Amino acid sequence: ETGVTQTPRHLVMGMTNKKSLKCEQHLGHNAMYWYKQSAKKPLELMFVYNFKEQTENNSVPSRFSPECPNSSHLFLHLHTLQPEDSALYLCASSQGGTANYGYTFGSGTRLTVV
Amino acid sequence: KQEVTQIPAALSVPEGENLVLNCSFTDSAIYNLQWFRQDPGKGLTSLLLIQSSQREQTSGRLNASLDKSSGRSTLYIAASQPGDSATYLCAVGKTSYDKVIFGPGTSLSVIP
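In order, the protein sequence lines correspond to chains A and B. Counting in the numbering used here, the first sequence runs from 1259 upward without gaps. Counting in the numbering used here, the second sequence runs from 10 upward without gaps.
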């Protein structure tokens, strides 16, 4: 266990469904991130939250909606997804909202859109 | 714009060999560099973090070096084992207030 917990580990959803991914960290970090990892592509940064405030939205489609109620929890709400959204979604946290101390990653949620 | 590349994309070696993985970045003004390991379908595990003021970091059989002036970092794995088989990614932080940029990774296979 890395200190960053993601649930569920696997998710299969239809294009009309609404689901949410959850990320939780107990490391005392104050920044959290969502990354998307598709097959044979580099990690893509989606969202950054620093002290619960969204500091970056990397041109992500509106069918992905993040929520950060506190510094320990991060959600990614999903609705009307497309098959090309199937990927591994990774959550990470860091001490600051920066590269300063390095990142700690969760194990990811494998999402399949059918 | 910072770009990070990793060569080779894939590497296969027999067990016991020492090996080197390479990471290159285009902007030498970095804050730090981090090496990660990723097992298939899993998250990333941090291996080593090198601050810009450091030249290398060591952890067990792993040694990472950093040469900012040439825009390069290497990850040296000694006496490779089948359990080392994974994808290795490097990530560069440009400033202390910036997000990291990931390389595409090197897929390593250690053959028993």
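These are computed hints drawn from the structure, not numbers from a lab. Be a bit skeptical, because a hint or two may be false.
[To be verified] Derived lysine to any residue pairs resembling SDA-like cross-links, with alpha carbons at most 25 angstroms apart:
no., chain 1, residue 1, chain 2, residue 2
1, A, K1294, B, S116
2, A, K1310, B, S116
3, A, K1276, B, K103
4, A, K1280, A, L1346
5, A, K1276, A, H1337
[To be verified] Just so you have them, the derived chain B footprint on chain A, three or more residues with Cβ under 8 angstroms:
no., region
6, 1322 to 1329
7, 1335 to 1344
[Claimed, not checked] Just a sample of chain B residues kept apart from chain A, beta carbon distances all over 10 angstroms, derived:
no., residue
8, P17
9, N41
10, P121
Since we're looking at a predicted model, the values are computed, not measured. Ideal Cβ positions, reconstructed from N, Cα and C, are used throughout, including at glycine.
Against the structure, the hints come out as follows:
no. : hint              : in the structure
1   : K1294/A / S116/B  : holds, 18 angstroms
2   : K1310/A / S116/B  : violated, 35 angstroms
3   : K1276/A / K103/B  : violated, 37 angstroms
4   : K1280/A / L1346/A : holds, 13 angstroms
5   : K1276/A / H1337/A : holds, 4 angstroms
6   : 1322 to 1329      : violated (count 0)
7   : 1335 to 1344      : violated (count 0)
8   : P17               : holds, 15 angstroms
9   : N41               : violated, 6 angstroms
10  : P121              : holds, 26 angstroms
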